[in-house]
Amino acid sequence: MKKLMILLLFFGFIAQSFGQKYYTKTGKLDFEGSVEAFEPVKASNETTTAILDVSSGKIAVLGLVKGFRFRNALMEEHFNENYMESDTYPKATFNGVVNGFSITEIGSKKEYTVEGDLTIHGKTKKVSTTIIIVKNGDTIEVSTNFSVAPGDFDIEIPSVVREKISGTIKIAANFSLVKR
Amino acid sequence: MKNKKIILVVLVVIALSAIIGYNYIYQDHRDIESEKPAFTVKATDFIKDFQNSEEEATAKYLNKTIEIEGILSSIDGNSIVVENVIFFALSENETPPTPSQLNTTIHIKARCIGYDNLLEEVKLDQATLLK
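If you're matching them up, the sequences are chains V and S in order. Per UniProt numbering, residue 1 is the first one in the first sequence, and the count goes up by one each step. Per UniProt numbering, residue 1 is the first one in the second sequence, and the count goes up by one each step.
Be a bit skeptical, because a hint or two may be false.
[What the hints assert, rightly or not] Below are the DMTMM-like pairs computed for lysine to aspartate or glutamate, each with C-alpha atoms no more than 20 Å apart in a straight line:
#1 V/K91 to S/D49
#2 V/K91 to S/E33
#3 V/K109 to V/E85
#4 V/K91 to S/E56
#5 V/K91 to S/D31
#6 S/K60 to V/E85
#7 V/K179 to S/E121
To be clear, the hints were calculated from the coordinates, so they are not data collected in a lab. These numbers were taken from a predicted model, which means no experiment stands behind them.
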């Protein structure tokens, strides 16, 4: 009887810590590839999904490319049609792991490294960057900044506009995750 | 006299092409609220299309203006969920529905931005509620 109780407690504990997920549907992704003296090339997506498994540190992010909004409508059209080809590749995803993540450590701001596969324009590349995680009451705030080169994802920038679009695109992610 | 006329014509042509060029570069965004919907569907049929074949449904609905009828399952700030699996980001100036509308049938117009296979939800943005 005692053994059974211990066993039950044990499995109960596992079930609780296992698959504990925090998520958002309205995460923010910003990207900027502006060049000084030209019109800013930037957009943001406020409908990004992100899921963090707090028991394993696994993180999954999915941004729908059509969800990136530009101030300039023509720029948005070109972004979708010529560069990201969002009819063919509607998603941009990241699947990775936060190294050494532990939910008990994030009471105050903590910096981690995150590694994983970034898929943009149907092309996958391994990336590694620093990520800041902080627990704020019931929400876990996750933020990161990194740069990518369009060429790494087979995105060609025609020579006519090459001067106006930076060779490195800065991406910023900000997610407020809540328990699922 | 003839010279003056030519100069005038050239000036008009330059001015016109400048205006056309400007209007092309700084054209307005789509106005989903005033667009005629490409599809008018029941939420349950809409989600079924994605469950049957994500690829086909994406090709059919992506970037299209869609009018959807379904039961409001949740409200979260500026976004709402219909039939548990259809996510709408409301248009900037749109007032979210009131909690009293939860579990009632609503009509929404929005643009489909794709399928989220992590949460198994369809996402739409620039949504406006129809009376």
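Verification of the hints:
no.	hint	verdict
1	V/K91 to S/D49	holds (18 Å)
2	V/K91 to S/E33	violated (25 Å)
3	V/K109 to V/E85	violated (37 Å)
4	V/K91 to S/E56	holds (15 Å)
5	V/K91 to S/D31	violated (23 Å)
6	S/K60 to V/E85	holds (16 Å)
7	V/K179 to S/E121	holds (18 Å)
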